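Residue numbers (my numbering), protein chains in the order written: chain E, 1 to 529; chain U, 1001 to 1363; chain V, 2001 to 2333.
Just so you know, these hints were derived from the structure itself, not from any lab. What you are looking at is a predicted structure, and each value in this text was computed from that prediction instead of being measured. Note that the Cβ used here is the ideal one computed from N, Cα and C, for glycine as well. There may be inaccurate statements among the hints.
Using 25 angstroms as the maximum straight-line C-alpha spacing, the simulated SDA-like pairs for lysine to any residue come out as follows [unchecked claim]:
#1 E:Lys419 to U:Ser1078
#2 E:Lys369 to U:Phe1019
#3 V:Lys2142 to V:Gly2035
#4 U:Lys1223 to E:Glu397
#5 E:Lys46 to E:Leu18
Derived list of chain U stretches under chain E, where covered just means 3 residues or more per stretch with a C-beta under 8 angstroms from a C-beta of chain E [to be verified]:
#6 1217–1228
#7 1257–1265
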Amino acid sequence: MSDVAQTSKGRSDATASLPPAIELSGISKSFGPVQANKDISLTVQKGAIHGIVGENGAGKSTLMSILYGFYQADRGEIKINGKPTQIHNSDDAIAAGIGMVHQHFMLVQPFTVLENVVLGAEDGALLRPSLAKARKLLVELAHEYELEVDPDAVVEELAVGLQQRVEILKALYRSADILILDEPTGVLTPAEADHLFRILEGLKAQGKTIILITHKLREIMAITDTVSVMRRGEMTATVKTSETSPTELAELMVGRRVLLQVDKDVATPGESLLQVKDLKVTDEDGVDRLKSISLELKRGEILGVAGVAGNGQSALLEVLGGITEASGGQVILNGQPLDLLGGNDAGDRRKAGIGHVPEDRHHLGLIMKFLAWENTTFGYHGEPEFNASMGLMNQREMLEDARGKMERFDIRPPDPKLKAANFSGGNQQKIVLAREIERNPDVLLIGQPTRGVDIGAIEFIHQQIVALRDQGKAILLVSVELEEILALSDRIIVMFDGKISGERLPGETDESELGLLMAGIDPKAESAA
Amino acid sequence: MKSIPRWADLALIPFLNLFLAFFVAGLVVVFIGEDPFRAMKIMLTGALGSDYGIGYTLFYTTNFIFTGLAVAVAFHGSLFNIGGEGQAALGGVGVAVVALTLDGTHWLITFPLAILSAAIFGALWALVPAYLQAKRGSHIVITTIMFNYIGAKLLGFLMNGPLKKEGSMAPESRRFEDGAQLPFMQDIAGWFGMEMTRTPLNISFFVALICCVLVWLLIWKSKFGYELRAFGFQQPAAIYAGINPVKITVITMVVSGALAGMMALNTVMGEQQKLVLDHVQGAGFVGIAVALMGRSHPVGVLLAAILFGVLYQGGTELAFEIPAISRDMIVTIQALVILFMGALENLVRFPVEGMFARLSRGN
Amino acid sequence: MHFLKSLALTAAAAGLAGASFAADIKPAVIFDIGGKFDGSFNEASFRGAERFKEETGIEYREFEIQSDAQREQALRRFAQQGNNPIVVAGFAYGSAMEAVAAEFPDTNFAIVDMVVDLPNVRSVVFNEHEGSYLVGMMAAMKSESGTVGFVGGMDIPLIRKFACGYVQGVKAVNADATVIQNMTGTTGAAWNDPVKGGELTRSQVDQGADVVYHAAGGTGRGVLQAAADAGILGIGVDSNQNGMQPGKVLTSMLKRVDVAVYNAMMDAKNDAFTPGFSVLGVAQDGVGYAMDDNNKDLVSSDMVDAVEAAKAKIIAGEIAVHDYTSDDSCPVS
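Input sequences plus hints: build the corresponding full structure.
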């Protein structure tokens, strides 16, 4: 892929008669041990719509936050319109002509549109002249860019799409020439999204530069002139949109990784163990996380769930694990329907035979301030062998149990009295795995089993998962690592936007096909159409 | 970040805070023209220099152990129980109900029943805020504060109505008969042929000590404590482990309220031998400082409660000995200690952490 | 200042002790919740102790309690340290005094506003109804609207006694007058709630009252303030409060707590402390009304004449002012 990046760079040099609107070079940013941006260079020409794609956590938002002054880069240079510019805060950014429309709107809900637009950009201590001026300008802008909003409407009463227009108007009112939109269509209906794109085209026609951050490849293909792909904090490529394809972008997003070999025999799936029918989850904010999922899990198989993070995989794990309630549908385990509505209790799910290695061990899987031995029984601490009389726990037994698990899973250092937080990522994950696997569940839900885990531990963890399968257990594996999915799974489903966008067998597909499915594009269906 | 040795966390920082608190309090004393060293000496000898002083100090300590444990238990579930004051006030009603009906019998009969009754009344007063937090999401800090006021008003009503001594103008119950008077420490010493100055220190001090042990068992040895700590550290993880947040919240607050309610044994059944309006004397709020200072550990709570006992008894002696230091000044000094030990803990913590960080870098 | 006639007790004591030997005494005084600078009841007992100190040069010990629970501690603490006599002012000390005085039979105690029947306790109570009767007369004579007010502190028989005497005085002057009565509360907090006192006063003003009498300790500050703000007259209590809102306080019902405190200490010094029960009324100048520069323009000589006449009749027994606490009821309202 590196040659693509180079050719694109060469091209931008050739057309550099005008200074580019934005020129970033060598931008790096770390948060503690996590390097969010590594040596990033990016050039965006004036009057272009430039897309930035990448998975969640690839570093897109960090980069834009540096450009808008929320964070300071550790290293690197920013040039705006050819001039080196220091951006220490959002005021600097606004002064440099940069406006930002955030994923979560920064509006004062009880204020009117007009008040929101003027807020922070008043001309003086008196509000009235500012408001009168703003009203006039607002009407002009609205006509020019199809940005009609009633200036006197109260923001909290407006539809989401209109609130977004207010955000854009705010930026334009501050005479922004460069507009950054962070996942702008995430909250919009398709019709609203189409309208937004018309607005962006109009802005482009007026010579504004637009940066569009998204992980939706369709949008990139539909509207951008150039596109950059980010992966794991690095800018892996910058290409002209007209010269690329969704397939190529998907590959760039997911990346070609070192091939991983897992020694395993061909699966011999047995009887059907878990049936999921029309499962739906709506979260507290009323957003549909799962939109009617149906799947089946058999004994002795690993079902891999691929997808870009945030497309419903977490919701699936949590609802099956009993952490969240379903809003509809049915789950049948061993012929018995599970109580999905009232039974908001992960303890019941464990008793029914579902083990769960959660995606986020720091947040869910472990109590970081608990000692190892307290964590090795976490969730199973109610079992009779860990309890003595009078409500007291049998701590000797818990310690003994922890020692055994630490030995069998080679957890280092093998000290059950060490805090969970003091183990390395791989060993933390082994604590969770040891706990869940040794309980011998019929169904094991595993999320991101090797995230933040060193190579040696990855191999061990994969072996354990395969061994469990060979004992005739059913495993639901969620991972954003396509390679891991391909290496481990006996069957693969891909999730996109809360739905299953396709099902494949690992031998009959490849990363690029899965990448398209992850972007919501089914190549088979499209070629058929 | 937090790379300071344990001894510094547990001993050095509290000591520096205490030192700062006394330094500022000393400035206040100087400001009104009194000798701060004399004041300090009066406070210390007044609190610890005689069996009289120690008796009173441990009497106050008993109150603070109960309320401190109450706050500490709730802290472990990251619940902030500010309602100790109201729960203890209602605990007093619980004690009085038992004592007034059964004081014709013997304290060996009334005492266990009064313990139970005080605990139940205190627990009930914590139950409503707990339920509202767990089921309705009403913030427990707000509801427990509100329940302090409701409790005070309820007590006021009872003291002017059903529980008021007939023919008395003061809002207080009649004095309990012998059968509901707890043995004082001087009585207990008398059983062993020893003599002690009369103080209100009574047998409920030992109940407080037993509660320290029970709370330790509850938090660190029981299944409930395991779930409580998990819930307090990481709520989402607790839910992942099948721990019911409603159940934990409610039970924790019930235990907390019961401990606060038991404080009334010391004041109502021990010291006053009657129910008076403000038998809690602000101990519910001091309990917050005690729990903070004691790092929510029973041993720490015990030590912090003794410190506050010294402050209270020493402060009272100061008011006796130096009338120029008025009761409002005493409250100011006590408040300064609470401020430095509780609210301003990080004032000292950050420099100390910085110092240790530099030291370790120097190595 | 009002000239003090010596009380019957003082006279007796002085006669007995003569100038022979002044006992080396360590007197102590304990104030009630309101604190010694409440401008009213506690300040009166503070003044009594101060006067004793000025006249004899003997230092006294003092303590301001912070809570009800400290009453016994303070009494016991002073008794254990050999203070004698120990003087407290406040009915709420009753049960604490009963307990502690029994423990220290060799120590002399004195309590104001409450009767404690023990051989080493002197109980001093006042005929507040008589003094209230006198200020009630003045209120009625001064009132133009025919409506006057009363704001009590804590709703207890003692305060109803004030109210009842006041109403009787008002009605004696103007049988058709209306008296609006309010109590601040039912707990000790009612003694120190000037905000509520002010609210109650304003409400009485709205109902037409143009003179308001308070018997509410520290709460009374709010009453007198609100009365002055509304342009009507207030009547103070216990201490001479005429100076609190000069020209806006008609008079104050004096209750000589200071005399009781002073006497208890003085008698002890003169080795003439007598336990038992004494009642101070208008006859002993234990209660009365205050006249000074602040209110001399408010009170006409006719008013003074009428009040003095009534006072003489009370002393002579020709007017019997009903005491609410004698039967827990008031004949007028």
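Comparing the hints with the structure gives:
Restraint check: the Cα-Cα separation between Lys419 of chain E and Ser1078 of chain U comes to about 20 angstroms, which is no more than 25 angstroms; the hinted pair holds. Straight-line distance between C-alpha atoms of Lys369 of chain E and Phe1019 of chain U comes to about 31 angstroms, which puts the hinted pair past the 25 angstroms bound. Annotation: proposed proximity of Lys2142 of chain V to Gly2035 of chain V is violated, straight-line Cα distance about 33 angstroms (limit 25 angstroms). Simply put, Lys1223 of chain U and Glu397 of chain E have alpha-carbon atoms about 13 angstroms apart, close enough for the 25 angstroms limit, and the pair holds.
Taking the CA atoms of Lys46 of chain E and Leu18 of chain E, the gap is about 8 angstroms. The hint holds against a cut of 25 angstroms. For the region 1217–1228 of chain U, the assignment as covered by chain E holds, since 7 residues bring a beta-carbon within under 8 angstroms of that chain's beta-carbons and 3 suffice. With 0 residues bearing a CB less than 8 angstroms from a CB of chain E, the region 1257–1265 of chain U misses the requirement of three and the coverage assertion fails.
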